[in-house]
Amino acid sequence: MQETLNSKKQGDAAFRAKDFITAIEYYTHFNDGGTMVSPTIYARRCLCYLMSDMAQEALGDAMQAQVISSEWPTAFYVQSVALFSLGMENDAQEALKEATKLEAKRSKN
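Its first residue numbered -16, the sequence shown is counted upward by one per residue in the numbering used here.
All clues given are correct.
Pairwise CB distance ranges, derived in the manner of DEER restraints: (1) MET34 with GLN76: 19 to 29 Å; (2) THR5 with GLN(-15): 18 to 28 Å; (3) ALA(-4) with THR18: 17 to 27 Å.
Straight-line C-alpha distance at most 30 Å; calculated DSSO-like pairs for lysine-lysine: (4) LYS1 with LYS80; (5) LYS80 with LYS91; (6) LYS(-9) with LYS1.
Calculated directly from the structure, the hints in this document are not laboratory data. Backbone N, C-alpha and C fix where the C-beta goes; we use that ideal spot for every residue, glycine too.
Using the sequences provided together with the hints, build the complete structure.
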């Protein structure tokens, strides 16, 4: 458990330092640990993939974040960016609409 948490901390440090490849490695280690499932880790790794020109991998993580937390707008925002990066503009717009709808729903509550 502690090793898994350390992977997250090291991934976060690499992410803040803009060392996206290292962050991907630590976040992957966190996910492979299987102790915890975190949509935030998938969203962060998605951003790392996007910054590393790995849009297909980014989309996979964005979709996984959405599966884990279907009402979380951020999952849809990162999915929109990944889809746009893959040239899927219509799908990207749909994901963006869903994200803004969820965001509006959250601010009402």
